[in-house]
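Please take these sequences and the hints and turn them into a complete structure.
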Amino acid sequence: MAKPELVYVALGSNLGDRAAHLAYARNRLGTLPDTRVAASSRIEETAPIGPVPQGAFLNQMVLLETTLAPRDLLGHLHAIEAERGRERQAGLRWGPRTLDLDIVRYGDWVVSEPGLTIPHPELPHRDFWLRELAELEALSPARA
Numbered sequence: 024m025a026k027p028e029l030v031y032v033a034l035g036s037n038l039g040d041r042a043a044h045l046a047y048a049r050n051r052l053g054t055l056p057d058t059r060v061a062a063s064s065r066i067e068e069t070a071p072i073g074p075v076p077q078g079a080f081l082n083q084m085v086l087l088e089t090t091l092a093p094r095d096l097l098g099h100l101h102a103i104e105a106e107r108g109r110e111r112q113a114g115l116r117w118g119p120r121t122l123d124l125d126i127v128r129y130g131d132w133v134v135s136e137p138g139l140t141i142p143h144p145e146l147p148h149r150d151f152w153l154r155e156l157a158e159l160e161a162l163s164p165a166r167a
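Using our numbering, the first residue of the sequence shown is number 24, and each one after it goes up by one.
Straight-line C-alpha distance at most 16 Å; calculated EDC-like pairs for lysine to aspartate or glutamate:
{"hint": "1", "residue 1": "K26", "residue 2": "D131"}
{"hint": "2", "residue 1": "K26", "residue 2": "E88"}
{"hint": "3", "residue 1": "K26", "residue 2": "D57"}
To be clear, the hints were calculated from the coordinates, so they are not data collected in a lab.
Dropping the structure here:
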């Protein structure tokens with residue numbers, strides 16, 4: 024089995040029972056093949072980003088240990104979003120959603136493919152992600 028990578032995944036929700044959507048995502052992430060949830064940041068409420076009027080988000084970041092390839096993990100994340108009623112609309116960016124799961128960092132990997140960029144290009148622009156990432160890095164298991 025390949026050595027697990029440390030992967031930071033951002034969770035966000037601003038529709039319906041936001042806390043329940045985040046809890047569902049945390050639980051489901053722990054059921055993915057060859058994956059475990061190593062740590063979770065605290066949950067915080069943030070203002071929405073972008074031009075679409077919408078309610079506040081609950082956000083959290085989790086640290087995964089996984090041997091799933093980035094594209095495979097992304098497929099699982101989209102499936103979990105769909106399980107919570109997320110509907111992706113072509114051309115609509117930064118709209119309201121029941122659940123949003125983003126790969127923020129995947130070990131030291133740099134990926135630039137259609138539909139998948141790692142590290143996430145919005146990382147430097149989201150203060151709450153930077154706070155959550157720092158919180159998790161402080162808890163991160165030492166890597167040999």
